[in-house]
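Q: Each chain, written out:
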Amino acid sequence: MRSAPSIRRPTCVLSMLLVTSPVVAQNQLKIVSSLPRTGSANAQTTTMVNGIRMAIDEVGGKVDGFEILYEDMDDASPQRGNWDPAVEGQNANKAAKDPLVVGYIGTFNSGAAKIAMPILNRAGCVMISPANTYPGLTKPGFGEKNEPKVYRPSGKVNYFRVVPTDDLQGVVAADWAKELGATKAFVLHDRELYGKGIADVFEKRAKEIGLAIVEVEGIDPKAANYRSLVTKIKATGADFVYFGGTTQNNAGQIAKDLRSGGVVAPLMVPDGCFEDAFIEAAGAANLNGKTYVTFGGLPADQLTGKGQVFRENYRAKYGTDPEAYAVYGYEAARVLLDAIDRAEAKDRASILAAVAATRDFQGALGTWSFDENGDTTNRTMSGQAVIDGKFVFQKVLGR
Amino acid sequence: MSLLEVRGVTMRFGGLVANEDVSFAVEPGQIYAVIGPNGAGKTTLFNTISGLYQPSAGSIRFAGEDTVEPFSAAVAARALVVGVATSVGLVVALNVEELWRIAIGDNYAYGEAFPWAKAAKDLLAAFPGLGAWWGLGVAVLGFVIGLGASLVLWQRSRRTPDRIARRGIARTFQNIRLFSDLSLIENVLVGMDARMRAGFWSCLLRLPRFRAERESSESDARELLAFVDLGDRAEEVAKNLPYGLQRRLEIARALASWPRLLLLDEPAAGMNPSETNDLMRLIRRVRDRGVTVLLIEHHMKVVMGISDRIMVLQYGKRIAEGSPAEIRSDPTCIEAYLGKEEHG
Amino acid sequence: MRRAPLLIAMLAAALAWPIAEQFLPGSWSVLDAVKSIFIFAILGLALNAVTGFAGILNLGIAAFMAIGAYAFAILTNDLYPFQIGFWPAILLTLPIGALAGFLLGAPTLGLRGDYLAIVTLGFGEIVQDVLKNLDSITLGTQGINPLPAPVVPWWKPGEDGQGGGLGLVDLAEETQGAGPLLSYYLFLAFVVVAWLVFRNLERSRVGRAWMSLRSDELASRSMGIPPVRTKMLAFATAAAFAAFAGGLWASWLSSTGEPANYDFQISILALCIVIVGGMGSIAGVLVGALVMIGVNSIVLVKLFEWLQSKGLGASGSVFVSPNSWKYLLFGLALVLMMRFKPDGLVPASGRGERKPSGGRS
Amino acid sequence: MEFTSAEVFAQQVLNGLSNGMIIALIALGYTMVYGIIELINWAHGDLFMLGGFLALTILGALGLEEASGPMAVVAVLVILAASAGFCGTLNVLADRIAYRPLRRAPKVSLLVTAIGVSFIFVNLGLFWGGVPMEVFSGGIAAAAPKDFPALVPSRNLLGTDDGVGFTLRDLLVVVVTLPLMLGLWWLVARTRLGKAMRATAQNPTAARLMGIDVDRVIGSTFFLGGALAGFASVVYALYNNTIGFQMGYRAGMDAFTAAVLGGIGSLPGAVLGGLLIGLIRAMSDQYLEARWTNALVFAILILILVFRPSGLLGMKQREKV
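Just so you know, the protein sequences line up as chains A, B, C and D, in that order.
To convert, count from 1 in the first sequence and add 1478; that's our numbering.
To convert, count from 1 in the second sequence and add 1; that's our numbering.
By our numbering, the letter at position 27 of the third sequence is numbered 10, and the numbering carries on one by one without gaps.
To convert, count from 1 in the fourth sequence and add 377; that's our numbering.
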């Protein structure tokens, strides 16, 4: 691979690598994913990576005569035990500089996406997230005033996502809560981008539909327990508790303390807790019949058509049922592979154009398209309840 | 006027009385020795004089001034300023989001010019609005905490070793305490710090003042090292120095601040007779430089040979004071100290 | 052992690296990672002043980094009215950091070592919480982005690739063509400046006073060194440069990231840099940053990439995923280092088994 | 039924005390080790975490997850003993292997070693969670928090579900921690070992000259401190029903703050500090905002240290000259 050491101005070499269309070597293309593989999100990201690998295996590792390489990058560092902005930045830069890379699947955390997006945007590389739900990444008017244009320094949309955003999920959550009979809700959140974001939407929507919010509290996700907070909730007489946050941020402990603290109000959580680990962490007995989970899609057992096939294949290959997020990893890889197939030239620009042109994609999540912001048009959300230690699908929400 | 005047100093540690009502005075130019058996409270007395301990009773005056910094208008003013600052700081801190919104959030429209003058006006106008009953309470609380903390910290620093040292009292330690990682010359330069004037910025930017002072201080330090016969080892690391020479270095370091009074805590401990003789000569030469010397010593030979006056301590109390000749003939001393040594 | 040749060699290597890299395959490019080495070198130098020179264990240096990063962001991002640009903002991080250091240090620097250590640790936690909670100011966990890259006067190509001349080059555009070299050298220059600052302080009465406090606080006080004021200088200087490093970090990422990015782990990383390099040794800190960050974000990353390409870690089990072993490796490295080379890779002069030597003034 | 404000206050005091006692138990281990070799034993919190994992493993291996009644009591006793022994032994091992060779090294080297040991423990905790056992959900999600069986139900001993709750779990905390604290006090104040420990803490060299086997005494201290962490881990796990490989950091931080607040090296200080932190946390959660609780704890810590630089019950240390 050593290039001829001619004495050119070094900047020229680099700029050629970066600006011109990547020179494709040996009919290979590379897809990378950047997800937090070290630390507490490992369980969810493992299922996503499994999904991505499955998608690549299904096409035999080859698209249109091009061998597809895959690299599973970790954007977490052991020091942080979670995504690390420096690592994410390095991953994105590395992908941007590697001429073989034509697609970047990630990130898991919306905060990480904020770092990677402008870098990949400048490089003109497609980025498809299987998990980012923060609305401001794509939708003008939903985030800060300078969003999302700051993520698109080149002016083009290169970022897509296959999951619906929090502004949708928070709304359906509040609607469903009211439907379930809530009148006075106590809102908790983990003070993070995802959790607080969705809790804010929940609060806003609740007020619109006449569901009273007695109080909003940000929790300390590292606390040993939430007894005093539960006492406070009990004292307010709230008849519904909403927690915006993730399993990693101690959702299980909250559920436990609510029950042991004698609060009988139901608990609702968003899809950051829609994983078996939540039930394991909380203990089924504390959740059964009193816990509701919203999810920005359909659970694996409700998928039909290609989704059902995916579920069966996954089980055959990995020996377990896929967790909710696995299908998003799979879908992100599928839609990318599909675009590579459709692209005229196998370079970043053509593939980007092909991804952006995805319409009526027949995927595991149903038939959907990317809109002009890069968001999926799929707005199917679902509500689950925990019954007998399992998530049981209740109904389709939203639309 | 005496250079050092110790009046009725008592030092208690819990139930233990280390010094009881000790008084003595050291005149300028003297070599004054404090002797006494082990545990008589000599080192405690030294530590009290050098500011490490605060006497439970009594006073220590140096060059006619009490060594405890008196309460002054400046201290009061500083406490008031800290109190007000804490008060304002606490009020602002607890209302920072509100103030931010009033001054900036409400005035700044994204992408448009920012009306600075209006923002400043709004900010000032917002403060009275914070004066709800608890706002006032917070302000008072902040004031009390700031004032209290300032006074407590001042109280703690009224009579500290560094202040005493800066007044002109330098000391050595019984179990030598050099800066073992630093070179000999650096050790001496630390001792000189109290009279250096180059500030932080001038050190950082190597301004002319720093350079000039570096020249002069280094030559002073070398002169001092030469004075204690260590001139040829200036760059060695202190911990590599033999024990006997470490004592000399300690003395050079203590002299570096140009003290008026030098406290020597058992300088001859662990020395052989020839080293002891050298030391005695050195102490005399120190005195001849114009430095008054107060020393604790066990070696009677040293004490009797060089002291102008001697005080004898026993069980923390002064039992005698006088010239060497007087002490030698004082029956109490002979019994308490000298006699004992003959037996022991 | 004289440090100068080592420092000169490192500087030469740093200057030459981007050119050498041109002759390596693209996937070997580590310029970005090297920039993070530079930032951590500055952070390490700052911590070294307070912990290595003055002997104050500071477990909350990341808090000052966070303060610098957020100050830089608020002063430059267009969601705020200030928008003063890279240079004024990055320079302002210094006094802002120093002020924060002063406010924390003033009431607490009289405390004994371990009490002070827990206070700094607590401060590190408080700052994260405050940044998280004041979300109407700091955007909470959103992170403030984008942030400006440095703008420097440099040769600028003409519009059509012809002519050109001296102009202001925005280094944010570098990835789009100018090559990441200017910002690399700029960051290197910052390291050199920080190095000069701390070297000058080290070899002056200020540094000597710090070291005397570290070596024997009691003796130092008895020589007339005011402990609180002297420690304050070290503490505030360290805070200032940590804030500066934070500002650079944010500029490099073009985002503050979330407040939790400036947590205890960063403080520990900085501490490890200082200790692995050699407490109180400026050359050591630079080596420490190179080793710690280099291993962390270059060697291990490459190693795991290679392992993965051999098919390891695909099954998702915790034991075969190389990433799951990172803590263990890190921990073992620290334990072994302290056991066998406690004075660091490049011990400060006067420490370790140094022979008497001259050359310091 | 109404939950009156007096009841709320009482409940919060109870919450605070229960949490505070667990913190205090961990803090005791910190303060003991600190008292004797002036080491901030950074790995202590993670040692505590490993104790929790051992307890869960034993429950899983013996099939005691569902135990109730007398069996549950037996199970609790078994895991208390096992975790205490395990953590004590592990702490002694850490001392032998990592800390003892550094007795003469600067304190900061020792601290860094402890941080290294803590990383190793954390990683072991992560691996432990990957053990394919039923209680670890087959070890698939190694990093996820683990549910700890509710061997001690949270039944309110004061009757109804409404009003103030003093549960069986709160009782458990008291029943385990109080005797341990008293026992420790007795051990340090009255026994030969305690005397040797105090002597070593005062002056190791002198203690050695007096014929005390200093290494043995330090080893015993590590064992006792570790055992306390083991007890604490079981109480914590039964009280909170969750363990996770990252729980050591916060637990350690709280405990260390407690030790400092009370005056590091002082046993009653550690207990007082722990209780105070528990109470401050509960009160702040109730009457202020939960998100400011951590900041408040440290603000109070700083404030107290300004006025009492050696902590609440710490001895003012006289400088040895």
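If you're looking for bench data, these hints aren't it; they were derived computationally from the structure.
Among the hints, a few may not be true.
Below, computed lysine to aspartate or glutamate pairings styled on EDC-like, alpha-carbon distance capped at 20 angstroms [unchecked claim]:
no. : chain 1 : residue 1 : chain 2 : residue 2
1   : A       : Lys1508   : C       : Asp118
2   : A       : Lys1682   : C       : Asp61
3   : C       : Lys293    : A       : Glu1545
4   : A       : Lys1700   : D       : Glu666
5   : A       : Lys1682   : A       : Asp1653
6   : A       : Lys1623   : C       : Asp97
7   : C       : Lys293    : A       : Asp1779
8   : B       : Lys240    : C       : Asp97
9   : D       : Lys484    : C       : Asp199
10  : D       : Lys484    : D       : Glu384
11  : A       : Lys1617   : C       : Asp97
12  : A       : Lys1623   : C       : Asp118
13  : A       : Lys1700   : A       : Glu1549
14  : A       : Lys1623   : B       : Glu327
15  : B       : Lys119    : B       : Asp107
16  : D       : Lys484    : C       : Asp97
17  : C       : Lys285    : A       : Asp1653
18  : C       : Lys293    : A       : Asp1535
19  : A       : Lys1627   : B       : Glu98
20  : A       : Lys1623   : B       : Glu336
21  : A       : Lys1868   : D       : Glu443
22  : A       : Lys1627   : C       : Asp97
Q: Now tell me if each hint is right for this structure.
A: We went through each hint and held it up to the structure:
no.	hint	in the structure
1	A/Lys1508 - C/Asp118	violated, 39 angstroms
2	A/Lys1682 - C/Asp61	violated, 26 angstroms
3	C/Lys293 - A/Glu1545	holds, 17 angstroms
4	A/Lys1700 - D/Glu666	holds, 16 angstroms
5	A/Lys1682 - A/Asp1653	holds, 11 angstroms
6	A/Lys1623 - C/Asp97	violated, 45 angstroms
7	C/Lys293 - A/Asp1779	violated, 34 angstroms
8	B/Lys240 - C/Asp97	violated, 26 angstroms
9	D/Lys484 - C/Asp199	holds, 14 angstroms
10	D/Lys484 - D/Glu384	violated, 48 angstroms
11	A/Lys1617 - C/Asp97	violated, 50 angstroms
12	A/Lys1623 - C/Asp118	holds, 15 angstroms
13	A/Lys1700 - A/Glu1549	violated, 32 angstroms
14	A/Lys1623 - B/Glu327	violated, 91 angstroms
15	B/Lys119 - B/Asp107	holds, 11 angstroms
16	D/Lys484 - C/Asp97	holds, 10 angstroms
17	C/Lys285 - A/Asp1653	violated, 48 angstroms
18	C/Lys293 - A/Asp1535	holds, 17 angstroms
19	A/Lys1627 - B/Glu98	violated, 27 angstroms
20	A/Lys1623 - B/Glu336	violated, 91 angstroms
21	A/Lys1868 - D/Glu443	holds, 19 angstroms
22	A/Lys1627 - C/Asp97	violated, 48 angstroms
The structure fails to meet hints 1, 2, 6, 7, 8, 10, 11, 13, 14, 17, 19, 20, 22 from the earlier list, while all remaining hints are met.
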